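Asks: Could you build all of it, start to finish, from the sequences and the hints given here?
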Amino acid sequence: MCEVALNVEGAAIEKRMGRSFLPSLRGAFSLGTLAGAGLGAVAELLDVPVPVHLGVLAVVVLVTSVSVVALLPPATGREAGRTRRRSGTSGGLTIWRDTRIVLLGLIALGMAFAEGSANDWLPLGIVDGYGVGSATGAAVYVVFVAAMTSGRLLGGRVVDRYGRSATVHWSAAPAVAGVLIVILAGNLVLAAPRAAR
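In my numbering, each residue's number is its place in the sequence shown (first place is 1) plus 121.
These are computed hints drawn from the structure, not numbers from a lab. These figures come from a predicted structure and were not determined experimentally. C-beta atoms are modelled at their ideal positions from N, C-alpha and C, and glycine is treated no differently. Treat the hints loosely; a few may be bogus.
Okay, the calculated beta carbon distance ranges per label pair [unchecked claim]: (1) 163 / 293: 28 to 34 Å; (2) 255 / 132: 37 to 43 Å; (3) 297 / 195: 39 to 45 Å; (4) 192 / 241: 29 to 35 Å; (5) 180 / 255: 19 to 25 Å.
Replies: Below, the structure written as structure tokens:
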């Protein structure tokens with residue numbers, strides 16, 4: 122649910138700003154993922170016991186969550202709830218006849234699937250598929266998250282300069298190539314940098 126709220130707030134901010142902002146906002150979200158991945162890789166490298174690692178993580182998440190919620194402006198998220206809803210379903214299904222909407226949905230699904238697969242399986246796939254240690258698998262994941270974070274932090278400027286369509290095309294092609302190389306390469310030196318695509 123955090124990502125839904127992030128996207129709703131980001132879209133509202135972007136609308137008020139009149140330029141692309143959501144990629145940078147998601148980039149800030151990814152900075153947290155990058156920090157967590159880096160700390161996880163270091164914990165694995167140092168053989169920190171899992172209960173200790175997760176215990177420290179639980180305390181950090183609790184303190185951070187309480188601190189951040191206390192800093193939110195009081196009206197956060199309320200404006201979106203005031204929009205009028207249309208009654209009935211007369212126009213609800215017509216949107217699915219627009220092939221652009223369907224294609225955008227498929228692109229979003231594909232990108233979410235690729236990112237989710239990497240988040241869930243990349244370190245394990247590197248360890249099992251390439252016969253390396255857990256710390257190396259975690260390090261490859263850090264490379265992936267660093268590339269994703271930099272893409273998001275720079276994404277707004279790229280969208281503003283080249284447009285949404287060109288950005289989707291030029292960012293999807295290396296992502297697909299990276300996934301295929303990681304799966305099919307058989308060589309960690311070749312696969313690890315491609316995990317970042």
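Asks: If a hint holds in the structure, say so; if it does not, say that too.
Replies: Comparing the hints with the structure gives:
1. 163 / 293: 28 to 34 Å: Since the Cβ atoms of residue 163 and residue 293 sit about 32 Å apart, the hinted range of 28 to 34 Å holds.
2. 255 / 132: 37 to 43 Å: 38 Å, holds
3. 297 / 195: 39 to 45 Å: 44 Å, holds
4. 192 / 241: 29 to 35 Å: 31 Å, holds
5. 180 / 255: 19 to 25 Å: 23 Å, holds
Checked against the numbered hints listed earlier, the structure breaks none of them; every hint is satisfied.
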